Amino acid sequence: MSDTITEAPPSVPRPVAAPKKRNWIKIAATVLLVLFLVALPILTGSQVAYLKVAQYILIGTVGGIGLTLLVGQAGQLSLAHPFFLLVGAVSYAVLAGDPAESPGLVGLGFPPLLAVIGAVVICGLVGLAFAPVAGRLRGIYLGVASLSLVFLGLWLGQSLELFTGGTSSGRPPPTFELFGFAFSTTTPAPTIAGVPIQKQQRLWYLFLVFALGAYFLARGAINSRIGRSWRAVRDNEAAATAMGVNVARVKAGAFTISSAFAGLAGVMTALWLDLVKPDENEFTGNYSLTVAIAFLAIVIIGGLGSVPGAVVGAIVVYGLQQFFLLGANQFGWFADAQFGGLSAVILSAFVYGAAVVLVVLFEPGGAAAIGRRLTSRFTPRKER
Amino acid sequence: MILRRSVLAGALASTLVLAACGSTADSGAGGGTGAGGVKTDKGVTDSTITLGVMGDTSGVFKNLGAAINAGNQLWADDVNAAGGICGRQLKLEIVDHGYKADTAKTLYPQLEPKILGIVQLLGSPVLAALKQNLIDDNVTAAPASWSSQILNNPNIMMIGTTYDLEQVNGLAYLQQQGLIKDGDTIGAIYIDGEYGGNGLRGVQYYATKHNLKVQEAKTTSTDNDLTNIVTGLKGAGVKAIALTTTPGQTASALAANKALGLNVPVIGNNPTFDPALLKSPAAASLDKLYVAASSPPFSSKTPKAAQLATEYKAKYAGSPLNAGVDVGYVEGLVWQSVLTKACDNKDLSRAGVQTALKSLTSVKTDGLVAELDYSSPGSPPTRGVYIAKVDPAAEGGLTEVAPLFTAPEVADYKAPFQT
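Top line first, the protein sequences correspond to chains A and B.
Last residue of the first sequence: 383 (numbering that gives the first Met the number 0), numbering continuous.
Last residue of the second sequence: 418 (numbering that gives the first Met the number 0), numbering continuous.
Treat the hints as calculated values from the structure; they're not laboratory data.
Owing to the predicted nature of the structure, the values given are computational and were not obtained by experimental measurement.
Virtual Cβ for every residue (Gly too), placed ideally from N, Cα, C.
Some hints here could point you the wrong way.
In silico DSS-like cross-links for lysine-lysine, where the CA-CA straight-line distance does not exceed 25 Å [what the hints assert, rightly or not]: (1) B:K41 <-> A:K198; (2) B:K212 <-> B:K257; (3) B:K113 <-> A:K198; (4) B:K180 <-> B:K257.
Only some residues are given here: those of chain B computed to face chain A with a beta carbon under 7 Å [claimed, not checked]: (5) S57; (6) V94; (7) G196; (8) T221; (9) T405.
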């Protein structure tokens with residue numbers, strides 16, 4: 000918990016006049032990666048299912064980044080992430096919902112972009128409302144206290160049918176639109192390299208923008224004063240206070256920001272599923288305890304506090320099972336698993352369980368630490 | 000800073016380049032006319048008709064799900080052995096979503112281009128998540144989920160009757176047997192959600208018809224101890240209990256029913272019973288349970304059901320014995336009627352399947368479910384059920400007490416989306 004995740008150790012004083020050396024390898028790799036992500040709908044082509052998995056990974060990424068900031072950087076354990084996902088999804092449906100199209104449900108009819116921003120803000124505020132609790136508790140106690148929010152969400156989702164649509168049928172989230180451009184299937188559709196850009200391709204680009212925005216916002220926060228205050232509070236509250244950090248405010252701020260990220264992930268979940276539906280019980284569903292554990296696994300596998308690590312974690316936790324399933328159907332893996340035996344679901348559960356155990360045993364820094372070790376091998380030592 | 004700027008520039012540039020690649024109209028769905036002058040689009044070639052199965056063989060319903068899959072397969076094998084439909088052999092594309100909506104959402108786009116329709120779509124959360132997909136792609140699907148709440152989707156081909164009507168019939172049966180009478184108080188334990196809510200709707204309807212007082216008790220599917228609820232119902236002086244619960248909850252409710260000395264008859268929806276309960280500690284208290292279901296119990300004397308039971312035991316030795324095999328087979332039989340009709344119309348496209356379905360007014364299934372009428376969307380296609388009673392001696396744990404029972408009260412019942 001004590002290692003900080005920053006580019007350079009803070010003890011190295013940077014000469015002001017010396018020009019910063021550009022790390023061309025890193026820049027090239029980033030550009031290539033972004034190009035790959037932008038071209039993904041073309042690479043997947045008519046195999047839309049794989050694009051669907053990629054979108055799903057981005058949901059895990061955005062939520063995972065939010066949690067890694069809170070758990071890794073600010074040192075507050077939270078299991079309340081699914082609750083904020085639910086709040087985000089429902090807020091979006093309520094804010095953007097057309098009252099004429101969904102009789103019996105509350106819909107305010109705002110433009111979808113405004114509704115997304117509104118949903119994120121609402122989640123932040125709900126997170127802020129939890130700050131008095133978050134400020135008083137630490138470690139596992141905070142984890143358990145935050146768990147109560149998942150149960151609160153279950154109960155609220157079931158009882159506030161006017162907003163959530165109820166557990167029976169839920170409510171469809173309004174289609175996302177930007178200046179008249181609908182993120183749904185249309186004819187004629189624009190094509191890129193012969194691939195029609197339909198609903199799923201459009202959603203991919205939308206999610207990509209959300210995820211890149213979340214990524215760089217989080218990196219910015221970590222490398223700035225906000226991130227330093229988070230780490231100061233995490234490492235030693237007394238010392239942080241002595242240095243002029245307002246501990247209560249920093250803790251509340253971390254919870255707010257993390258909740259806002261979760262809210263965005265919630266909006267993405269609603270758009271991805273074409274459905275906002277509260278869970279029927281606390282163990283299964285999109286806003287359940289299982290999801291709370293999944294997000295924690297993303298953070299642990301990725302390395303506490305590391306934003307790129309959260310991406311890796313999301314790939315393992317959110318992507319593997321779906322990918323195995325698709326592969327199983329396409330290439331006939333596990334074909335004899337009809338009645339029990341090793342199936343794609345079981346194998347992926349083992350992989351992600353094993354990943355958590357191995358990380359905790361051999362590399363507590365997670366994927367982030369492995370990544371740092373690899374990159375340090377390829378970059379020349381800096382002259383001091 | 001520099002890194003960030005270069006990333007942004009790169010992203011923008013690549014977007015522009017790609018966007019410049021052109022914008023042309025979508026090439027529409029590949030349609031055509033195949034062998035025998037039959038119009039086709041997706042999932043049908045000159046030699047095969049491919050249908051999808053989205054089942055659960057790894058999630059909470061894996062016992063039932065495996066048997067339903069087997070029923071689907073037995074049907075397809077029978078059809079193929081008899082020469083196929085429309086001169087084409089049947090092929091099933093089977094996927095397992097583990098009763099998870101997110102998994103199903105990913106599997107669907109992979110499956111959809113390969114199939115004409117879906118023989119079995121299991122699970123209400125999955126149905127809810129795929130509702131819009133089915134409508135958008137005009138894919139007709141037979142659900143393994145019996146809520147009348149989903150009948151506002153024209154692409155859902157309900158097989159048999161719905162949970163609400165199971166309860167109406169079940170309570171009517173209890174009253175015909177003299178176990179309850181007008182003016183009594185009855186208990187209703189249900190899971191909050193599509194399944195429980197739909198069952199409760201039937202109980203409420205029957206109660207208003209017969210002036211019964213209903214003590215409602217809501218649970219979630221993970222509450223496994225219903226003793227408190229049953230104690231409360233005993234205090235309220237109930238004469239019968241209606242269950243729309245999980246099998247585990249059923250066991251708990253019946254154990255409490257016996258232990259507290261309440262000993263009232265209990266009527267449950269189709270999914271409330273699982274033969275595995277007979278090996279549970281509650282086994283001795285299950286004898287008060289009646290089950291109302293669209294499909295006959297595994298041990299049914301209905302000739303087709305008996306034949307299926309034999310075939311199933313021969314082909315899938317050691318697999319769980321439950322009514323899933325009948326459910327799966329009858330799904331197939333209804334599809335067979337639809338496909339045959341579509342073939343007569345010379346239109347095996349997805350739109351042709353919809354047209355054929357809506358023109359069917361009396362689908363017969365060798366008595367596996369009551370006669371089905373698909374001409375009025377929104378209304379369950381049939382209103383009759385099989386009533387069975389728990390019997391440890393019977394295979395599958397249930398003995399039929401009233402085959403294809405249709406209570407007079409069901410005729411006036413208006414389903415949520417009935418017009």
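Consistency of the hints with the structure:
1. B:K41 <-> A:K198: 20 Å, holds
2. B:K212 <-> B:K257: 22 Å, holds
3. B:K113 <-> A:K198: Roughly 19 Å between the alpha carbons, so the hint for K113 (chain B) and K198 (chain A) holds.
4. B:K180 <-> B:K257: 21 Å, holds
5. S57: Holds, about 5 Å.
6. V94: 5 Å, holds
7. G196: 5 Å, holds
8. T221: 4 Å, holds
9. T405: Violated, about 26 Å.
In this structure, only the earlier hint numbered 9 is contradicted, and the remaining ones agree with it.
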